[in-house]
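Engineer: Residue-level listing of the chains:
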Amino acid sequence: MASGRTIHEPEKAGLNRAGGSLVVEASRGLATLTAVAFVGLVLGAGALGYWIAGRAEPAVSATASALPAQVAPTYAAKPGPWGDLICQRSIIEVPVEYLGLRSWENEPVQWFFRGSSPEALKQFLGSLELSSQEKDDLTNPSRWQVNAEGIFVSPSLETVLSLKTTARNQLYLELGRFEENVMQNQPFHWPVSEAKDLFASTRVRAASIAVFEKLSYVRGKYLLFSDWKALLSALPDANERNAVAQALMRRFAVFAQLRVTPGSDVEALVRYWGAGGHEKDIRPILEAAARLPQGANVSLGSLLPPPVRARVYTFPFSAPEERLNCHWTTFNFFNETPEPPAGTRYWRDKLKTDYVAVTDSPRYGDVLVLLKPDHSIVHSCIFVADDIVYTKNGGSPFAPWQLSTLADVMDFYSWDLASNTALKPLWYRKRS
Amino acid sequence: MGRISMQQSRDKGQPSLRPGALRFKASRGMVLLLVVLPAVIVFGAGYFGFWFRKSHALAAASSHTVAIGQHGPGPALLSAGPWGLLEAQPTFLRIPDECLQNFKPSAAPRWVFRGYSTSQVLSLFRSVGVSADTLASLSNPDLWQVEEQQVVLLPSPAVVLGLTPAQRGVVYTVLAQFPENTMQRAPFFWRTKDEAEWLAQPVFTEQARTLVRRLAYPKGELSLLADVELLAGALSASGADVAGILKELSRKPAILPRLQIRPDTDVAAMMRYWGGAGLTKVMQPALEAVSRIPQGRMVSFLAVLPPFARQRLNTYPGSTDDDGRDGIWSAMNFFADSVQPAPVDPVQWKNRLKADYFPVFSDPRYGDILVISRPSGEVLQAGVYLADDLVFTRVGTTRWEPWTIMTLADLTEVSGIRALNGERPVISYYRNRIL
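Chains D and Z, in that order, give the protein sequences.
Residue numbers for the first sequence follow this note's numbering, so the first one is 998 and each next one is one higher.
Residue numbers for the second sequence follow this note's numbering, so the first one is 153 and each next one is one higher.
Bound-form chain Z, shown alone (with noise of 0.2 Å):
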């Protein structure tokens, strides 16, 4: 490599035009270095400012840190994208006492084990290494009901109560395969680390604590609880706040997103993400509005949101235990002007996925549907693509089961629970062929 020195010219008596100037001398290799050098360097500092901005200003506090029990208090500014400037504020929602007014905490249990025969039910206790007694009372017939490609179990409490979290969350993963098992199959959920300091709260009585753990079983890194009726039906003998309780327990993560809307906002730009399905007419004069407020305003997500969506984002459904319109429904008819008939057969959403979506692999916009899935196709969960990684859904179809916009993360999450061992969900995007 070339070398570079620097003299004063009247030091050594070199030849030099100016005396007392300063000489620099260099090899050609160096010269060229030189010359290359601070060019990189000004083109780095340009690029470095650019990045500055982008990374602190922007995304500095990225949705994706959302997770499940990991909810900071306050909101996160998401990644900046066509959507414009969007605040995402993680909560839980709670069931509303109004949804709890005729829940009867004395339902018996029911498991449906479908194309099961009662042979099979019981193999598969035995699998799981209940205790003798256990298969002793589960052979009573009078527990049984042997329907045509499938049996139905009424269990005992004792049953119930008796099984291990291991033994349950086998079982009860098997019992989540079949739509019939509305509990087990969107059972409530929280974070295993979380529980201790989550079941301090004042309303769970000591009592209610120990059924909670004894009626959980593991699922990853959640504790699912599927028992509703049973711990209701326990509690309510003792004068425990049993409302209360299955509030809590009710909990789901939530994201409450928020539109910065400011005088030098592009409504324009926002109406080519948010706008399609014809719904510039509904959102555009709004925003528009709010752009015209000096101070700017952050704006409910509503705004962006088709009248579908709007009715019901943040609410329950009512009193029902299962109404069939989960997250598949949800996203069929999401830009729908008049609501279809819910269940979604499955026959039926697979042909009309077919037939008017096509998939998307990468860079999903505003509207896709999202599905996760099983490697075999077999669909866990779905939902409306919204911006960066939010996602409007119902995970369930029972009275505990809100619209809400979730974090893919958490929805992903929430999927695995159905999920068998080892199985690995597969998320797809379908985009809307006229859309």
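Bound-form chain D, shown alone (with noise of 0.2 Å):
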């Protein structure tokens, strides 16, 4: 690169001195170089447009999440009458928007002992492995309300927190025994195979993960958590706290399509999605992706009645007391007009009157009721397909419809059972 460029005036070399040009003087390598060079520069001006336009394509992100471990790739159902069903498992979260954590935060932190007198629950505490602090703390007399029905402790929250594991365990199996310590008789829970990612592609920080861990705590199988007050109080800021509640709000759904194509048993699928008299809304979805040369995959979110399909993969952000819960969800399944919510005692009378027992495969609509060891009714859900059912886990505004495999069913609902034991599945198939 010794030659270089010279420009200069052409008076000043003596050339062309009336025309006024100008003379450029180089060697041939650089006359090369510069060509090369001009050659890279369009080619890399129109990567670069390309590229930018790559950035500029609507509503993608430029930064791909990572992705949860458990998220289980693409899989094929077992055949059977529902047709060729492709599924996909995935994580459903609450909008960050409708967690109404502030209402939550007002909460008092609050324990019942039913039937308990003053010095039985001290003998319980006392048998706990507690800290000097946190034995004072929870012996308190002022923090102590006692009336004929048992006593009510206000634990600080410093004392919650500090809680270890073994006496938090000890503690809350006490007050899950009473239905008034929601949080203790209903805890959050997940099986402790799925636990290591509950936080998996989410933005909580590591330091909230050790807070949660503190605060959490081991039966059986499954992990179980209680302390939300606490928990919240915990976290740095409002963005961190709703970061914190929808990961720990996540649940397992199924998304499913079924394969049409034009060899597709049409009639045969009809007759298997169209139960409960909803032949005529399926049909033309149907027959319309059959006479597709190529086939088409059609949602099973379409095929479900008209009702549910508004319904799938929502929340119902309405008040906890509407009980719009499994049974509800479970019984109005192929009504066009739901029935209103109504109480357990209800659902089971119309289980025996408007249902029989199935004893041969189950089929679309049926209801599948899990039974605890004794014979008390847990859940109910909707049988969809080889081992996909239409559920809702739980009366919580904060529990979607949604489809779900009967494994991730199953294991939510056996979180309080003895180990030796297990739910007892029934199903059931609507007389008409």
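Derived by calculation from the structure, the hints in this document are not laboratory data.
Just so you know, not all the hints are guaranteed correct.
As the list claims (entries may be wrong) - What follows is a list of derived Cβ distance ranges for each label pair: (1) L189(Z) x W1048(D): 18 to 26 Å; (2) G1260(D) x G267(Z): 50 to 58 Å; (3) G470(Z) x R1320(D): 28 to 36 Å; (4) P1422(D) x G430(Z): 35 to 43 Å; (5) Q253(Z) x P1422(D): 31 to 39 Å; (6) L189(Z) x D1234(D): 54 to 62 Å; (7) A1354(D) x I579(Z): 56 to 64 Å; (8) T362(Z) x S1429(D): 41 to 49 Å; (9) P331(Z) x P1337(D): 31 to 39 Å; (10) M1407(D) x Q253(Z): 36 to 44 Å; (11) Q253(Z) x G1260(D): 25 to 33 Å; (12) D1351(D) x E373(Z): 48 to 56 Å; (13) P1422(D) x P493(Z): 40 to 48 Å.
Unchecked claim - Cut-off 20 Å, straight-line C-alpha distance, at most; resulting in silico cross-link-like pairs (DMTMM-like, lysine to aspartate or glutamate): (14) K399(Z) x E1276(D); (15) K1421(D) x D1408(D); (16) K1161(D) x E1171(D); (17) K1211(D) x E1237(D); (18) K399(Z) x E1264(D); (19) K433(Z) x E1094(D); (20) K399(Z) x D1262(D); (21) K1226(D) x E1210(D).
Source: prediction; values computed, not measured.
Backbone N, C-alpha and C fix where the C-beta goes; we use that ideal spot for every residue, glycine too.
Combine both chains into one complex, guided by the hints.
Structural biologist: Here's what the structure looks like:
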């Protein structure tokens, strides 16, 4: 690169003095290099434009989020009268603007010991592995409200946060016996095997996860968590509280599509998916898909009864007392106009009068009832296909209507079973 | 213009700083050009790269190519926009068998002429050149019901069958102006140039083909057929598969759109487009869940529709012959939590449109009400704008009409069925003041 290039006035170089032209002198190497650089610049500009166009594509974020390990790849359901189903399992989350954490922050922490006397409670607390500060706090008379039915204890948040895992587990086992202690009676729970991925692909900070780990406790095969208020109080800001709440309320959901091709037996599919008198609502889309030369994947959501289509993968966002729970969801599956919410006794009576036990394989629309070993009904949902059910796991407004695997539902409702027991599934079919 | 010359410095003995170097000599204008031109070329290359990706990767198969009877077999990627990546599968919907179960082929035609007198109707028939025999048979008073501000004609099958396509076209376009004539208002239709291929399907017997051709009438590039009862009645005695023929005749163009959701999809950005009217809570959880699936997924369009449309999309109303739930009713209830009774009173509709909406002259967005009207302002069709050129609508009020997604081009063409000679439909958009 020793040879340079000069641009000089012709007058000075003695060239073309009359014309006022410029003379450029360069070595062959430099001239070649300049030409190559120019071509490179042109190509580079083209590539840059291509890249910018890609960045400007709508509604596609620049950064792909990391993906949770629990999310399974696409899999095919077992063959059956439901046709060829392509399934995917993912995680569904409550939108952050509907968490309503502010109202929770004002809820007092209160434990109720039904039927306990002050002496018995002191004796119980004394049996726990508590620090002297915790013991002083929990036995402080100003934190007790004694009435005829038992004793309310209002512990300080410091005490709730500082409890050791063993003490917390024993204490909450006792509290969980009483329905008044909602969070101990129905704690958040996850199979221990899945708990390690609870915060995968979330924006929750490590410090917050550490607080959660301190407050959670293991019972059997499940990780349990009850101290919502204490956890929220230990988090630095609203963003972090929202992120943690979203992570803890995540549920597994199944998304499925029916593969329909010109070779599909549309009549058989209409018979299966049109149960409950909904043949007319699903036949047009199935027939249209089957007439396409390449076929089409029909979303399972669009095969559900119309009112269910509107509801699936959504949250009720209504007051919990409305009791839009599993039973309401199950027994209204085929109803054009849903029955109002009712107590478990009402739905149990309905099961007896309007349904018969299924002795053959379950089919679309059948009711699945899960019984505890004491024969109490813990859950009901609707059989959809293969191992897919339509369910709402609980009456909480943070529980979505969704498709789920039966295994996930069984897991969800097995957390408080003794180790040598299991839920008993029973299938029922509407008499009509 | 300037001139450039190149020399080897030693050839001509010109003074040179470096022997053997290349010497370029150019005028000042040429030098200026040589500076500007490379910059333009570089900029042009960048723009070309940008254009190439936009046009080839996203809009190569725009839905604008989709029209009645011109549907390609495969899905097309729609134009890029704030709605995300949308794929549209053109197809046809046909009435489900279940909605045909109580269909009565024997029902006699009943034509309502609002604002007409008997003599005006007879003049209409005379003006289109019906035969003297037909005119004579129409003068039978038993065929007429004279009511306040309208007359009803109960034509015999012979009269109906005796009309030529051109005569039928004129008379039925008049009938299509009045909502009582539901089948003339929303007839079966197909693209005329496709007729031979379409009627060649095995379900059509030779008698059926003949009858269909006899009862069809032209409107623009479409062929229409309104005399469904007459057709079914005539075919039922022949042993033909009447239900199968009616089903095929009932086919309506429809689009099955799907959203492409990938792990890198910006769901929040999509929600800014789709999540109006408080629908974020309905849509966001599912879309976010799908965006977590490593492989991504094509998502049913139900995911971005409000409950009203989710329940009705690609379904038929049932065995009804006039439920009043047309595109106007569907548009007014699109975002409603509780559905209003049908039909929508035209005056009430206009008042509500004035009170709750404002006109939008360009760049429609999701939820805008699309109105296709006559130049006089009378509404021909209505629907809800979705994205690109997709519209949610229902084009009639009979059992034959599904709630569906159509292209704007198809809906505009269908709205022309009611257009009088020379009328060009006017397309307007209205946006809710609150949304």
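Engineer: Each of the hints needs a verdict: does it hold here or not?
Structural biologist: These are the hints, each one checked on the structure:
no. : hint                           : result
1   : L189(Z) x W1048(D): 18 to 26 Å : 25 Å, holds
2   : G1260(D) x G267(Z): 50 to 58 Å : 54 Å, holds
3   : G470(Z) x R1320(D): 28 to 36 Å : 31 Å, holds
4   : P1422(D) x G430(Z): 35 to 43 Å : 38 Å, holds
5   : Q253(Z) x P1422(D): 31 to 39 Å : 37 Å, holds
6   : L189(Z) x D1234(D): 54 to 62 Å : 57 Å, holds
7   : A1354(D) x I579(Z): 56 to 64 Å : 58 Å, holds
8   : T362(Z) x S1429(D): 41 to 49 Å : 45 Å, holds
9   : P331(Z) x P1337(D): 31 to 39 Å : 37 Å, holds
10  : M1407(D) x Q253(Z): 36 to 44 Å : 41 Å, holds
11  : Q253(Z) x G1260(D): 25 to 33 Å : 28 Å, holds
12  : D1351(D) x E373(Z): 48 to 56 Å : 54 Å, holds
13  : P1422(D) x P493(Z): 40 to 48 Å : 43 Å, holds
14  : K399(Z) x E1276(D)             : 15 Å, holds
15  : K1421(D) x D1408(D)            : 12 Å, holds
16  : K1161(D) x E1171(D)            : 16 Å, holds
17  : K1211(D) x E1237(D)            : 17 Å, holds
18  : K399(Z) x E1264(D)             : 15 Å, holds
19  : K433(Z) x E1094(D)             : 9 Å, holds
20  : K399(Z) x D1262(D)             : 18 Å, holds
21  : K1226(D) x E1210(D)            : 15 Å, holds
No hint from the list above goes unmet by this structure.
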